[in-house]
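**Student:** Next come the chains, spelled out residue by residue.
2 protein chains.
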Amino acid sequence: MNDVVKNKGSGPDRLLQLKARIDKALFDRFSEADLMHLEGPIRYILRAGGKRIRPILTILCCRAVKGRTVDNLEAALAVELLHTFTLVHDDLMDHDDLRRGRPSVHVRWDPATAVLVGDALLALAYDRLGRIRHGDALSVVRLFTRGLGRVCEGQALDKDFENRASVSMEDYIRMIERKTAALIAMSCEIGVVLGRGTDNQRRALGRFGLELGKAFQIQDDILDLWSDSSITGKPVASDFLERKKTYPVVWVWTHGSPDSKRQFLDLWQKTPLGPEDIEAFRILFEETGARQAAEKEIERAFGKASSALGWLKPGPAKGDLQTLVRMIRDRKG
Amino acid sequence: MNDVVKNKGSGPDRLLQLKARIDKALFDRFSEADLMHLEGPIRYILRAGGKRIRPILTILCCRAVKGRTVDNLEAALAVELLHTFTLVHDDLMDHDDLRRGRPSVHVRWDPATAVLVGDALLALAYDRLGRIRHGDALSVVRLFTRGLGRVCEGQALDKDFENRASVSMEDYIRMIERKTAALIAMSCEIGVVLGRGTDNQRRALGRFGLELGKAFQIQDDILDLWSDSSITGKPVASDFLERKKTYPVVWVWTHGSPDSKRQFLDLWQKTPLGPEDIEAFRILFEETGARQAAEKEIERAFGKASSALGWLKPGPAKGDLQTLVRMIRDRKG
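Same order as they appear, the protein sequences are chains R and V. Residue numbers for the first sequence follow the working numbering, so the first one is 1 and each next one is one higher. Residue numbers for the second sequence follow the working numbering, so the first one is 1001 and each next one is one higher.
Derived by calculation from the structure, the hints in this document are not laboratory data. Hints may contain errors.
As the list claims (entries may be wrong) - If the Cβ cut is set under 10 Å, some of the chain V residues that face chain R in the computed set are:
no.	residue
1	Asp1013
2	Arg1014
3	Leu1016
4	Pro1103
5	Val1107
6	Val1115
7	Val1141
8	Gly1147
9	Leu1148
10	Cys1152
11	Lys1159
12	Trp1311
To be verified - Below, a sample of chain V positions facing chain R; criterion: calculated Cβ distance under 8 Å:
no.	residue
13	Leu1035
14	Leu1038
15	Leu1122
16	Gly1130
17	Leu1138
18	Thr1145
Unchecked claim - Negatives, chain V to chain R, calculated, CB over 12 Å:
no.	residue
19	Lys1051
20	Arg1131
21	Ala1137
22	Arg1146
23	Arg1150
24	Glu1170
25	Arg1178
26	Asp1220
27	Ile1231
28	Pro1258
29	Thr1271
30	Ala1293
31	Glu1297
32	Ile1298
For each residue, glycine too, the CB sits at the ideal point set by N, CA and C.
Just chain R, same shape as in the assembly:
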């Protein structure tokens, strides 16, 4: 029983090899499923690219506990399929019409197809889990299902926040832990379970994933306003225009001076918000310190994630995890 994905070289190259193996398997094994009729849109969304961070984490965390099993690739594919499911359904719910530079599924096809493609991606994900032969498949199914539930809960909170006047920083953190971080933590924990790691190892790598996920989501909040949409593949400020309670919004609301709150509210109450308003918000978030606070929080979460790897002995798996953290930290989209 060997780890099916082998790596040579060092640093980012090793991760790119891993990504290529995941991409290939994602398409090769797709045809094993009995979903002829939805094949077009499913291939479309899977082919849209993506960094494959979550399945890479599953494989690296399996290796980190010295696990070597072909099953980690099955689980990694399941994790990526679950992530892709969230993209398709979230884009539909959030009216995000562009995904990775191309029309979202509900735009390229229609809303009904987006609902079905998301559902079918879940079927494909559990189909992969059902193929796990050597590991504790049922524990993986349980972890995976808990992750699915949390993602639903997180997205429900996120949608609810759109209609709430005020959201506390605790509310916000609880929401992103469920919407984003839980899935990344789960990707790590599944790797540990398949690698037959200890409970302590599972908790430590779960914590690593949770902090990494929080950093990732706050980064996303910042990239929404301050990034180049040709890199992110998403329209500028799409979260913002959907009235998402992102980190800088919550920060101004909970930590801003009375004056900056007033300024914020004056802008926020305008409908619809135009490009000049987005620029005004950028300036407001910079002048009030909201952007800086977000960046500090991101660094803090990355720091906690790295600390959660402290117990790991130096070696290729630890090196790869650290490289991945650096690549995420430096991302522009």
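Following the hints, complete the assembly by docking chain V onto the known chain R.
**Tutor:** Chain V in isolation, oriented as in the chain R frame:
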């Protein structure tokens, strides 16, 4: 390890007791899950009633092979949650605004909530499967996931047929086998697997479920046009107005005389269709023999379902399955 659901009495009473146990467990065990935020709409749709045919089949098929395990209730709940998931997403996709006499989730709340509630119901379903302790849980997960994939594929075909000019009878049968019958067959097969039945038993009860499911769907097609909406809880002719290719539509198209086809097309091309058109279609389907053909097909499928029980020794489980078949056959909504 005892069968957790015990039955006394005879005939329909026994099935009503079973239904009551399923209903109770569906609500009692719901709180074990971590889905606080979606609890309202999830309880709403679960509480809407429903005949609980599928979970009853899981338990009866487990008993039919002399299986006695608490796990059959977990699996039965999973099956009902999967069925409820299909209702919520299908109503959204098909613009069915009434379900069991009450506004559908996407109407009572909004489309985003309907997407999330469906997704969360899947999480709840797999959560139940993850609690199976004594049976072959992973085989059940595999069967369940295959069922989920087929339901997605069937609904995709159904949506696609709305935009197709002609649909053959083979296409129609393939579609309803996936959309409706696969889930009912799966409910039976899971019961056999949990009851540690043989492969032959599984195949036989799977065939029973498949034929029962086909009969059930063609019945639905007929009830859509000829039933009392106060009994079905659905608006009259909702499938029809959505241009669904139901059995009588496909039959006229594939078996009708040139004259009846012409009459059919004249009516079908009108947009929008009003109440007087629906009445005209009813008359057309009766005069051409389409309704009678549907009823013959329903009887044939019920007959095949009953034959598939031929090998079962007389006893309470067989009696209950036969009673259930009779209750479905006689249903008015």
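**Student:** Are there hints from earlier that the structure breaks, and if so, what are their numbers?
**Tutor:** 1, 2, 3, 4, 5, 12, 20, 21, 22, 23, 25
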